[in-house]
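Residues 1 to 118 in UniProt numbering are what the sequence shown lists, from first letter to last.
Think of the hints as simulated: they come from the structure by calculation, not from any bench. Careful, some of the hints might be misleading.
[Stated by the list, open to error] Only pairs whose alpha carbons sit at most 27 Å apart, straight line, appear in this in silico DSSO-like list of lysine-lysine:
hint	residue 1	residue 2
1	Lys-31	Lys-100
2	Lys-96	Lys-40
3	Lys-96	Lys-31
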Amino acid sequence: MSLDQVCTRFHIALELIGARWSGAVIHMIFKGAHRYADVKAAIPGINDTMLARRLRELESAGLIERRVLATSPVRVEYHLTEMGQELRPVLDELVKWSHKWIPLPGEEECDSTVTLVS
């Protein structure tokens, strides 16, 4: 595999999970928010248009699946696919790295013990 192929795959992956709100949406689904309203309530500042767009993009990329449950009224849930589940250790490491090296305004020190699903 050429370096160009590695770089291209890497950039596509970063753009997918690094798109605004994508990480937060994945994080909330990891934490158990499976319904649209639950995901939206758990992410302050995201609007309906952006959440719907991110869910469609993540589904199209194969990271999540949309399940329509035959209930009355019909219920829709979002779940991580095997591909999405395999992101957990990668995202955990990214979270640890960010807590070690990227302080928030007003923080004196970073906390490297934090994980994605703390």
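For each hint, the structure was consulted:
no. : hint              : result
1   : Lys-31 to Lys-100 : holds, 22 Å
2   : Lys-96 to Lys-40  : holds, 25 Å
3   : Lys-96 to Lys-31  : holds, 17 Å
Violated hints for the displayed structure: none, as all numbered hints are satisfied.
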